[in-house]
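Got chain A sorted already, so can you dock chain B onto it with the hints?
Protein chains: 2
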Amino acid sequence: MRLATLKTTSPDGQLVVVNDTLTQCQPVPEIAPTLQAALDDWARCEPLLQGASQALQAGHARHARPFDPAACHSPLPRAYQWADGSAYLNHVELVRKARKAEVPATFYTDPLMYQGGSDSFIAPCDPIVAKESWGIDFEAEVAVITGEVPLGATPAQAAQAIRLVLLVNDVSLRHLIPAELAKGFGFFQSKPASAFSPVALTPDELGAAWRDHKLHLPLRVQVNGKPFGQPNAGVDMSFDFAQLIAHAAKTRRLAPGSIIGSGTVSNKQGGLWGSKVEHGGVGYACIAEVRMYESIEQGEAVTPFLRDGDLVEISMHDDQGRSLFGSIRNRVQALPE
Amino acid sequence: MRLATLKTTSPDGQLVVVNDTLTQCQPVPEIAPTLQAALDDWARCEPLLQGASQALQAGHARHARPFDPAACHSPLPRAYQWADGSAYLNHVELVRKARKAEVPATFYTDPLMYQGGSDSFIAPCDPIVAKESWGIDFEAEVAVITGEVPLGATPAQAAQAIRLVLLVNDVSLRHLIPAELAKGFGFFQSKPASAFSPVALTPDELGAAWRDHKLHLPLRVQVNGKPFGQPNAGVDMSFDFAQLIAHAAKTRRLAPGSIIGSGTVSNKQGGLWGSKVEHGGVGYACIAEVRMYESIEQGEAVTPFLRDGDLVEISMHDDQGRSLFGSIRNRVQALPE
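Protein sequences appear in the order of chains A and B.
In terms of the UniProt record's numbering, the first sequence is residues 1 to 337.
In terms of the UniProt record's numbering, the second sequence is residues 1 to 337.
Don't read these hints as lab results, they were simulated from the structure.
It is possible that part of the hints are untrue.
It does not matter which identical chain is used: a pair holds within one copy or between any two.
Below, computed lysine-lysine pairings styled on BS3-like, alpha-carbon distance capped at 27 angstroms [what the hints assert, rightly or not]:
id, residue 1, residue 2
1, Lys268, Lys100
2, Lys183, Lys214
3, Lys214, Lys276
4, Lys183, Lys250
5, Lys226, Lys268
6, Lys100, Lys214
7, Lys250, Lys100
8, Lys183, Lys100
9, Lys183, Lys226
10, Lys268, Lys250
11, Lys226, Lys131
12, Lys183, Lys268
13, Lys183, Lys97
14, Lys7, Lys250
15, Lys7, Lys183
16, Lys97, Lys268
17, Lys214, Lys250
18, Lys7, Lys100
19, Lys226, Lys100
20, Lys268, Lys214
Quick caveat, the model's predicted, so the values are computed rather than measured.
In isolation and in its complexed conformation, chain A is listed as follows (with noise of 0.2 angstroms):
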């Protein structure tokens, strides 16, 4: 099934069931209020909010309304947990060779996961409100949302946890990182809030591309309606999201609504740590990978950061065509500096 969270005066929203076409939506408030409430109590929840998608789908939904992207926070427009992975080494090796340095032997058995505030996200279609001089990109990614996971749980436990996939754009502010890094407590003012895709599914709904517990399509990623990358979520991810969520819980245990994301999607294609789609490659999921591709291939960075009024898409479809989860329309609205 597939859930989304209409915005109203309330920071959680409206929960709704939403057809495979992603055009009729139905509001199920005799089963859950919310996401979380519904995650909160799943194993009452998901038969009945089966059953509510069923009956949207077949057409007997009392009341189905249009669905409008536009009108939808991120599924959990606050959440209580959000750590994101750096899955696709692809990535890191790209950073790396840039500056010249070797990939530590232990990132290859040992996932690198920071810790992301959650306290407001950016709806889907919501303005990232930013600066340009702090550096404004951002990171297309998959992510799950968990139920209950134990603390210490094996990564066949973690798999067990998965309720949700979705879509994640999470803003990153270039300019900001390396001397907030310098500072050794990792992320903070340089990631602010992320963005979620409308619609969250189960895995059942993604069939044979859901697999190994990760997701085996191309994210698609547009920059001002031009295209920008497609790297497949599935190649390349040397961590999987039960390996991912395990990490995660090793010392703490994970409350129903946690969101783990991938970290950027990113594709290896060959030695050349991926290529621009205007070369013939799948292309990249973060403006600060072309930026090192170019320095590695032509000495500079050319390609620049987010300016005020650029749009990021982000969406991923099925071999049919059809948009899984909607599409991520962040636009940048700049402050003043």
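Here is chain B on its own, set in the frame of chain A:
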């Protein structure tokens, strides 16, 4: 007023007002079912909660019941935002001194802060469940809970958003920290769930002890019933709570219910970066600091990290010796290795 959250079958528990001797409490479901709900609608709830608090204090509450800290959750059992500063630079200076390194000049002007995980906190009297080999330590701190803070808030604006003050035990796994910080993305596994004091207070309850956006009282730490530290939280705090909140809000709004911590309270006490309680000093608010002090003074750290069954107690008392927040009492329950 004083607020607390009783454990119920709901993950968010039940909001109660508490009297000034912390002996009586009263649920307030007609005002707000949970503390998060009250914070989400503070303009409406705050005067009503003040009224309920005054009625309880005057002995007019109809449903008053004995207040039992052991029946409490942390005031926000799960939160949308937990960001912890490191405002007592003695802590940082001590770490650096122990490894003969300089403190970067920017540390005196730009607050250190890490993004914490907040999906499930430990209750004030619940155990710390961890492996001894992880190097289990506590960090006694003061924290504030905010209302809405706009992106780019000044310290003066940030100060207006302080709703409640409370204590925190920021549990830290010392043996996991070096390898985790070396990866460059900050803390994750090394900072498991924190515990908060049973009671949270509005700043007006602190009288003259709350000034300059700091709490000017000793923070009392005991380990296994013996004094471990009593540093004054108003002394040597290089960044006040208004500055810490403004730091957190530089690139994102903070939603109501955001918790901002002070970092481990630490007093310099002259040139020795503090002194142990047995040596007549105010002691320390974490084991790591006393171990660094021992390393500097004696050439080796002798105080062990926490072991199975060890009890940490954190509290703060006013000038009349009255406990302000109730006690955090976390006993270690060691996991098998």
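Here is how each hint holds up against the structure:
Taking the closest pair of Cα atoms, Lys268 and Lys100 come within 27 angstroms of each other only inside a single copy of the chain (17 angstroms); across copies the shortest separation is 42 angstroms, beyond that limit. When the C-alpha separation of Lys183 and Lys214 is checked against a cutoff of 27 angstroms, the pair qualifies only between copies, where the shortest distance is 24 angstroms, while the shortest distance within a copy is 33 angstroms. For a Cα distance limit of 27 angstroms, the shortest separation of Lys214 from Lys276 inside one copy, 24 angstroms, qualifies, whereas the shortest one across copies, 52 angstroms, does not. For a Cα distance limit of 27 angstroms, the shortest separation of Lys183 from Lys250 qualifies both inside one copy, at 25 angstroms, and across copies, at 17 angstroms.
In the homo-oligomer, the alpha carbons of Lys226 and Lys268 lie at most 27 angstroms apart inside one protomer (22 angstroms), although the nearest pairing across protomers, at 57 angstroms, exceeds that limit. Taking identical chains as interchangeable, the C-alpha atoms of Lys100 and Lys214 are never at most 27 angstroms apart, the minima being 30 angstroms within one chain and 46 angstroms between chains. Taking the shortest Cα distances, Lys250 and Lys100 never come within 27 angstroms of each other, neither inside one copy (33 angstroms) nor across copies (32 angstroms). Taking the closest pair of Cα atoms, Lys183 and Lys100 come within 27 angstroms of each other both inside a single copy (22 angstroms) and across two copies (17 angstroms).
For a Cα distance limit of 27 angstroms, the shortest separation of Lys183 from Lys226 qualifies neither inside one copy, at 37 angstroms, nor across copies, at 35 angstroms. Proximity of Lys268 and Lys250 under a CA criterion of 27 angstroms is satisfied in neither setting, with 29 angstroms inside one chain copy and 35 angstroms between copies. Taking the closest pair of Cα atoms, Lys226 and Lys131 come within 27 angstroms of each other only inside a single copy of the chain (23 angstroms); across copies the shortest separation is 51 angstroms, beyond that limit. Only between protomers do Lys183 and Lys268 lie at most 27 angstroms apart by alpha-carbon distance; the minimum there is 22 angstroms, versus 30 angstroms within a single protomer.
Taking CA atoms no more than 27 angstroms apart as the test, Lys183 paired with Lys97 passes in both settings, with 23 angstroms inside one copy and 17 angstroms between copies. Only between protomers do Lys7 and Lys250 lie at most 27 angstroms apart by alpha-carbon distance; the minimum there is 25 angstroms, versus 35 angstroms within a single protomer. When the C-alpha separation of Lys7 and Lys183 is checked against a cutoff of 27 angstroms, the pair qualifies neither within a copy, at 38 angstroms, nor between copies, at 38 angstroms. In this assembly of identical chains, Lys97 and Lys268 lie within 27 angstroms of each other by CA distance solely inside one copy; the values are 13 angstroms within and 44 angstroms between copies.
Taking identical chains as interchangeable, the C-alpha atoms of Lys214 and Lys250 lie at most 27 angstroms apart only when both belong to the same chain, with a minimum of 20 angstroms there against 35 angstroms between chains. Taking the shortest alpha-carbon separations for Lys7 and Lys100, neither the intra-copy value of 46 angstroms nor the inter-copy value of 54 angstroms comes in at or below 27 angstroms. Neither within a single protomer nor between protomers do Lys226 and Lys100 lie at most 27 angstroms apart by alpha-carbon distance, with minima of 31 angstroms and 53 angstroms respectively. Proximity of Lys268 to Lys214 under the C-alpha cut-off of 27 angstroms is restricted to the intra-copy arrangement: shortest distance 17 angstroms within a copy versus 51 angstroms between copies.
Hints 6, 7, 9, 10, 15, 18, 19, counting from the list given before, are not met by this structure.
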